[in-house]
Amino acid sequence: MPLLEIQGLNKAFGGLRAINGLELHVDEGEVVSVIGPNGAGKTTFFNLVTGMETPDEGSIVFDGQNVVGLRPNQILKLGMARTFQNVRLFPAMTVLENVMVGQHSRTKAGLFGAIFKTPSQRREEAEIEERAKEVLSFFGTRLAGYRHDQLSMVLSYANRRRLEIARAMATGPRLLLLDEPTAGMNPRETIELTELIGRLRSERGYTIVLIEHDMQVVRNVSDRVVVLDHGVKLTEGSYDEVSTNEKVIEAYLGRPAELGA
Amino acid sequence: MSQVMDPPAPVEVELRPAPHLDMRRAVKLGLAGGAAMVLVAATGIVATFQPRMVIDPILPLGIFFLYLLAFAFGWMAGQPPATLEGYEPATAGSRNVLAGALAGLLAGLCLGLLLIVITVFDLRGVFINLSPELADILGFGLPVAAAVPVIAVASAAMGALGAAVHLLSRRVRRALMGALTAVIVFSLLTDLFGQLFSGLSLESVIDFLYTGRGGALTIIGAVAVFGAFILLFWWMEGRDSTLRQRVQAMPRGQRSRWQIGTALIILVVLYFVPRIMGPFVSQILVTAGIYLLMALGLNIVVGYAGLLDLGYVAFFAVGAYATAILTSPQSPAFDPQISVLASLPFVMVAATVAGILVATPVIRMRGDYLAIVTLGFGEIARILLNSEWLAPIFGGAQGITNIPDLQIGPLTFSTPQDYFYPVFLFVLLAAYVTFAVQKSRWGRAWMAMREDESVAEAMGVNIVTAKLSAFVVGAILASFGGALFAAQIGSVFPHTFDIVVSITVLVIIIVGGMGSVPGVTLGALVLIVLPNLLREFSEYQFLFYGVLLIVMMLKRPEGFIPSKRRAQELHTEELSQDAWLEIYGEKGQAEQVPEGAV
Amino acid sequence: MTQAATVEARPARRASRITPVSVFLWGLRIVVLVVILYGSYLSISSGRLSAAQWRDLAVFGISTGSMYALIALGYTMVYGVLRFINFAHGEVFMVGGMMAFYVANALAVTPLWTSSPAVSLLIVLVAAMFTSTAVAVIVERIAYRPLRGAPRLIPLITSIGASFTIQYLVRGLLGPATKSFPRMEPLRGTFEFGGFVILKTQLVVIVAALLMMLGLYLFVERTRTGKSMRAVAEDPETAALMGINVDRTIVSVFAIGGAMAGVAGALWGLVFPSINFFSGFLPGIKAFTSAVLGGIGNIVGAMLGGVSLGIFESVGPSLVLAGYEIPAFSQLKDVVAYAALVLVLIFRPTGILGERLAQERT
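Residue numbers (this note's numbering), protein chains in the order written: chain A, 123 to 383; chain B, 3 to 600; chain C, 4 to 365.
No lab work stands behind these hints, which were simulated from the structure alone.
Just so you know, even glycine gets a beta-carbon here, dropped at the ideal spot from N, CA and C.
Treat the hints with caution; some may be incorrect.
Partial list, computed: chain C residues near chain B (C-beta under 10 Å) [to be verified]: (1) Phe27; (2) Tyr105; (3) Val129; (4) Phe133; (5) Ala137; (6) Leu156; (7) Leu159; (8) Ile163; (9) Phe167; (10) Leu172; (11) Arg174; (12) Gly178; (13) Thr181.
EDC-like cross-link-like pairs, simulated, lysine to aspartate or glutamate; straight-line CA separation at most 20 Å [unchecked claim]: (14) B:Lys441 x A:Glu150; (15) B:Lys441 x B:Asp454; (16) A:Lys199 x B:Glu455.
The following block holds chain A by itself, in its conformation from the complex (with noise of 0.2 Å):
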């Protein structure tokens, strides 16, 4: 059974229909990457498996679980994560803070705790602490150690894109929706994010939905390739079907050269 089944979803905003009865499968342990020209629908296909908007229409079944309706809170409690298109963090709060707050729906201290400092409380909080130490760790150097106590708007462009996948890491969850992860970065920041995708899969065991547009990455990256087009899926395949497919090449028309490369 796929870790993440959508099928017939429908979306419109005013006159304009965003998603076109869309049908899509991620199974577990896959990397799978959505491209597609832009407008195709991918961030509103992001939103509405999060939770963040509503479908029209259609089911959206992860682990099992028909989704539709469920809270953003609630959706990631069932192991669902994401990260933005445009940089979303909490600006205010220190790099640690973002990625502890991440895991307000795996802990259960409330303000009693919080209040009377209980021996539960503290422990817990230790625990958060070390568990937001240990996922930075993950990006090497990037983001540790005079890093945690910095405020996360002081950061470097593409240090801002791996705080909010640390964050997205530290909810704990068993899918990743990745959007437009390596948007703005340079190359060599490309390639080093391209090979975190990879361990994010291997070492942490993530299944991962990616929204792309550098194809380098994609092509590099993904098992399986989705392509969506007007709201609706146009082909599937690996990178090198889907990059020789003519339709593709069409929606995407004008760039055909990058796509044969």
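With chain A fixed as given, assemble chains B and C onto it according to the hints.
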């Protein structure tokens, strides 16, 4: 991996000359200052302040305040422009003083114009304060033809002086401004200091400094205070920051002993405060303490969770009326007449229920609508408490009286001095809760929600629970304030619980510094203690609030003593530069810079 | 491999959305509805008030509502363009009213007052409009423009500060005493047509308000300034790219809103003969309620909302509350207005005519 990267070598660049001081800006400031002075005179502030002397017998408060404005606008006009990258830093010179004088002159001319208008026309049918008495004050008793040039010159002089401050070295400037502020403080707070010295049995000091108990500073007294504080600030220069650095540099154990020691000393001093300061000042401190308690509660709702509650007074009323109903024999509906202390758990329950009732409908509402709805709730509460319809429960416009005093074991608290201690205790409690919550799971959840609600929800925060809990915590703290208030005053009346209270609490946390306990404390002291001590100010209290809010929002929205992150939040442009400095430090050495760091 | 994307869409199975919050809200809806309907039934069946009295209440409501509508226009336009609630707008109205008071009293001792009431009224109106416009523009320039990009909480707090400042400046300058408007002889008494009896003053208020609103509507729809206002409300960045001077447009918005509030201030004197420095607070809140009621950002909505609120507030206590034999129910008139505000914002923040701005963008 642990290579140390040197900062890039400074490039030799020829700096361009500093930009000229903008005289047009001085003109604009002069006119603005003139408008300010005219308004201050026309609203009656000058006339109301005039009878009080700053320094007896030469400096009445009305004139002083007026020309202080000229000084302030001159200061602004003479301010050297900020140093831009690639330019030489601007140095203050005669041109700055000229700018200040120009601003002052223009302001003075506006005031002179007002004087002419008052003398020629009788506008008291419209502007009630433009009386011959005001003309007399403004004109220093001189005939108009002589007065106007005097005003212009005096104002220009004050403006020039204000600008001249920029010419002084930092150390001199700090000492001078500090000493002047001290003189003003000693003069205006004569009642406070009179009470202090009297309580310490130092009456002779009063006679030396002041003309009498509650009187103005004598000339000798003013000179003495000025001199003493000049010396103090001169000596302190550099020493206070080195002291702070020395404390920070101490090893953990020593530092906490230092902090505990300081805390103990403060506590001991505070113990004696009500005894020394007497009932009048203690009452003011009790009121300030209750407002501070509420401010700490609202701090959590607004400062941490980001929910602008303009109807906060409703929770204050819940606490006050709950205590009143449960403890007073005059309670109309039913009078269990339990003790005030015993009523506190019920107050908590009532506050929790009220918090949930208010929060639930507004959960999915966006910020500004939330503000208005809570405002509506607050007003509805007040009207209902006042209504004849609900008078059988709440006593209507007559309220509920005969609320007993607070009793804890053998101790009975009846006088304002007595109540200082329980109020202070509750404030400490609220401050502790504030700190405890900050570094906790829910504190982070609230902050995340405040930063970006939809993302917080996507990261697992249950927004409903988060908002409810923030409201409830805020409600409980406010209701404690209400309970103490009811017990201390002994009665509750509906007209006390109006929107002004909510706005005052909001102003305290905004002006003092949202999210920071010391800031909020300062805010409460300034906004509650000062108007109560300075009776002349109390009539124009809300005018000052309004202007203060506008000025703070324009210049320093994070408040006077902001929490560090708040200040950073609101001044992001300066931050990237600081980040570089943090990494490379003053000496250009990095702690741990990863390879290829960006 | 390519697949044709031809699958029928299956209807969404929404997970049940029965949360404690939704239960609470539904309960609240039912309680409010029952309270209103039952109370109305009791009041009407008890026959306490005659049809003529109901009609009088309604007409009174329409006339006060027209003034709320005029003030509401300022709120709704500023919110549409700048997305913040201008707390100080109630004070803009009050200032106009104050000016109207002084001018009216000055004119009342001249022969012009009795010989040509229309001209007198017009002079009063223009003076009030001018004053309110000036204050609105000044506040925008000093307090709001520097804060254009700031997080939304800050301009809101600034506007609270501006509100207090104006109130207490007026109090200081003009004194705390309540001022009363002079009576206008030709406007005494009632006007009858087709069995309808209406106070002349109320008629003037309603007609004047209608004319101003019509004028504003045409202005916004037909003129260039009006068009730039709508453009800036929609998307200020794009409007700027199209060559629209955003700053000047915003000033126009404040100016026109201020002018409308000034008219309301002048008309206020006809219906409620007294005014003081605090008179802007309640009408300000009620006008904001009207703006939201009609759909914030929507000009026609503000007009509808204002009149509706006027009627609710006027008829409401007698209709709903009197039925329950609540003593001194007229005390609770303002509760009706506040309750309307709260209920509208909770249950239909988009208002009667709806607006796109109600939800935060995700």
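Agreement of hint Arg174 of chain C with chain B interface, Cβ distance less than 10 Å | 8 Å, holds
How about Ile163 of chain C: closest beta carbon in chain B under 10 Å, or not?
-> Given a least distance of 6 Å, the restraint on Ile163 of chain C holds.
Regarding the pair Lys199 of chain A and Glu455 of chain B, is the alpha-carbon distance no greater than 20 Å?
-> Holds: Lys199 of chain A and Glu455 of chain B sit about 17 Å apart, inside 20 Å.
Restraint satisfaction for Phe27 of chain C [CB to CB of chain B, less than 10 Å] = This hint holds: Phe27 of chain C lies near chain B, its Cβ roughly 5 Å from the closest one there, short of 10 Å.
Any CB of chain B closer than 10 Å to the CB of Leu156 of chain C?
-> The hint holds - Leu156 of chain C has a Cβ within 10 Å of chain B, the shortest such distance being about 6 Å.
Classify the hint on Phe167 of chain C as holds or violated, based on whether any CB of chain B lies nearer than 10 Å to its CB.
-> With a minimum Cβ separation of about 3 Å from chain B (threshold 10 Å), the hint on Phe167 of chain C holds.
Quick one, is the Leu172 of chain C hint okay against chain B at 10 Å, beta carbons?
-> 6 Å, holds
Restraint check, 10 Å cut-off on beta carbons, for Ala137 of chain C near chain B | Violated: closest Cβ of chain B sits about 13 Å from Ala137 of chain C, beyond 10 Å.
Given hint Asp454 of chain B paired with Lys441 of chain B - CA-CA distance at most 20 Å = Distance ~19 Å between Lys441 of chain B and Asp454 of chain B Cα, so the pair holds.
Thr181 of chain C as chain B interface residue, shortest Cβ-Cβ below 10 Å | This hint is violated: Thr181 of chain C lies away from chain B, its Cβ roughly 13 Å from the closest one there, beyond 10 Å.
If you take the shortest Cβ to Cβ gap from Leu159 of chain C to chain B, is it below 10 Å?
-> Leu159 of chain C check passes; min Cβ-Cβ to chain B is 6 Å, inside 10 Å.
Does the interface hint hold: is Gly178 of chain C within less than 10 Å of chain B, judged Cβ to Cβ?
-> Holds - the Cβ of Gly178 of chain C comes within 10 Å of chain B, reaching about 4 Å at its closest.
Violated hints, in rising order: 3, 4, 5, 13, 14; the structure is consistent with all others.
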